[in-house]
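These protein sequence lines map, in sequence, to chains A and B. The first sequence begins at 1 in the numbering used here and counts up one residue at a time. The second sequence begins at 188 in the numbering used here and counts up one residue at a time.
27 Å max Cα-Cα, derived BS3-like pairs, lysine-lysine:
1. K295(B) x K185(A)
2. K109(A) x K369(B)
3. K70(A) x K27(A)
4. K184(A) x K369(B)
5. K109(A) x K295(B)
6. K184(A) x K295(B)
7. K336(B) x K27(A)
8. K127(A) x K295(B)
9. K58(A) x K27(A)
10. K127(A) x K184(A)
11. K316(B) x K58(A)
12. K107(A) x K369(B)
13. K340(B) x K58(A)
14. K58(A) x K325(B)
None of these hints come from the bench; they were simulated from the model.
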Amino acid sequence: MNGNSRSWVFKAIFLGLVFAVSVLVIKPVGVSTQFSMIGGMIHSVIDPSVITEDSSRKSGYRSTNAYYDKSEGSLAKSIKNPLNFAMVFLLAIPLGGFIAWTLDPNKRKKTQQEALRQAGVKSAVEKYYIRELAGGFIFVFGARLADGCTSGHMMSGIMQGSVSGFVFAACAFAVAIPVAKSLKKLG
Amino acid sequence: MDLFICLATGTFFGAALYLSDAASPVRMRQMLRLEDYTIFKIILFAIGLSNVLLFVFNMAGILNLSHLSVKTMHLGVIIGGLIFGVGFGMVGSCPGTSFAAIGTNVYKQALMIAVGGIIGALVFSFMYKGFVDMGIFKAMNFGKLTLFKISEKYPSVTEIGYSGLLVMGMIFMAAAWFMPDKRRD
Chain A
1 MNGNSRSWVF KAIFLGLVFA VSVLVIKPVG VSTQFSMIGG MIHSVIDPSV
51 ITEDSSRKSG YRSTNAYYDK SEGSLAKSIK NPLNFAMVFL LAIPLGGFIA
101 WTLDPNKRKK TQQEALRQAG VKSAVEKYYI RELAGGFIFV FGARLADGCT
151 SGHMMSGIMQ GSVSGFVFAA CAFAVAIPVA KSLKKLG
Chain B
188 MDLFICLATG TFFGAALYLS DAASPVRMRQ MLRLEDYTIF KIILFAIGLS
238 NVLLFVFNMA GILNLSHLSV KTMHLGVIIG GLIFGVGFGM VGSCPGTSFA
288 AIGTNVYKQA LMIAVGGIIG ALVFSFMYKG FVDMGIFKAM NFGKLTLFKI
338 SEKYPSVTEI GYSGLLVMGM IFMAAAWFMP DKRRD
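Extracted from the complex, chain B is given alone in its bound form (with noise of 0.2 Å):
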């Protein structure tokens, strides 16, 4: 039964980047480039409203905390970050729209980035030793921390619970209506 939910979810996440045209580099390159920002809109508008949808589940009594999921904040968030935007610039895609591209026109492309990752992560397991020794993993490290206190189990920036969630979620999806689908010059 769960690994049907498992199908269910990744398939319904496939179609909703193809839909967002996430799954298109061209389309994603165009969007990093400021060129058009259509693809921004609708991810930021889908997780704004995700904030808000978190609040309504946790308001019904039907949000099962144990299953979120908050990562750590520490250094390599920082570096893998700033790693990670030079593929992503390069190429228009991110391990998920990669997968989803696949299976669409542009499969060729899409299996040579997951080729690529696949590397990369078999060369990232190498020298994970040696990013730990450096301290990479210690280094500014605030733990599972939250803007707001979503559960008991993550630290908190502050104590405003799931509301916190809901005018945020307001607010990026406000941004996102309002924002120009291209730029003006």
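Just chain A, with the same shape it has in the complex (with noise of 0.2 Å):
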């Protein structure tokens, strides 16, 4: 212990509080899943027979894509009625961080580091944000092979003794942290 200030310790209980309520009044937390909702969204606009109705199932839907049609049909379920649970809850996420930053003291400080840390000549993978489009195409395309993400598998699954949790984590920091050490010039 180096006699730092303990103010981390109620935001870890804030973050716990909402793990342990969330599936106490409804379900635990999960993110990935909206990405397959919505990129099938997209999908069913562009090619409108990828789902169909069928009223023989239970969840009222067929599709010619496999991943949508699993279980029964539930994701097709989920792309063709975009108001439900996980959506909301997703939608609400920038919300709540939108709050919280509006409501920051010291935002203003954050905002000009981050501008400082920007400014100068700005190569074309910052320029276009070469990294965090492939960051995020890769991280979600991992996530939906492993069912799960950080919020599911990890917050989630470990919080229920999930060994698919543990298992994702180990495999995810794994590889992240020498990723992240590798990449350190670029900030």
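Dock the two chains into a complex; use the hints.
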């Protein structure tokens, strides 16, 4: 212990309460499935025939895409009915981020630091946000293959003592730490 | 009513991610480079606390077991986790934190991460059938395995019930409490 302030504990208690209360009132937090829903919505606009109604099924939908069709077409149903729990939860997250940021007394300092960090000559990678695009692509792809991300597997999973949560967290950190270290010069 | 609950939990989740600095890609990259452990401590303590609270809710008889949602262990979790780590380490953000960051000063980066993510999800949807045929979801499949017996629905490694979560949670919280904030060189 090095005498640092204990303010982190209050933040941790708040975060822990959110995990636990959400399983109490509805279900554990999870984020990455909604990326598939948004992708599926775009997909079904471009190709309306990908998801069709099918009253013989419990979900009421059928898809020519095996992923949307999985578990009796449950994802197909969510894609066709976007005002579902998971989607409302997802869209509320930036609202929460915005409220907390607005109320943050240090936001001016943080904004200035960020502006300073981004100042100067920009490389093409920074200018077109190549790192952000590629990183987002890779981690959501990985999260879909694993059927969950940091929220669903690591936080909600380990909260329930799920083996897949521990395995996912170990694999993710085992790669993320050396990758982050090797990209240190990018900032 | 339920939609309102989702709206409220999502809002609190986004605010909590911002407060713990997890919505800042710069701070997350510092954590992943092992230069500053604060975010790691917060998340570890929060998970530990949620373990303990799950035990308390169950003791109090207010935990609805149908709300539990355990994910299946299979080879995809390992391969997907490793792939996830590449993107996680590159940008210092993950699906939840990138959405929280959309509401803050780094919204431009956050939106680009989200766009990349949606394309990633779409590509995965097209490739899913191929992964099924390869047998990725069948290999190393242990079902919805948990460490402790939290519900009759799930197989468990041990026969210990919710008290296992209590002990594990206390260990996580203690580990976070005694962990240094920064690397001491």
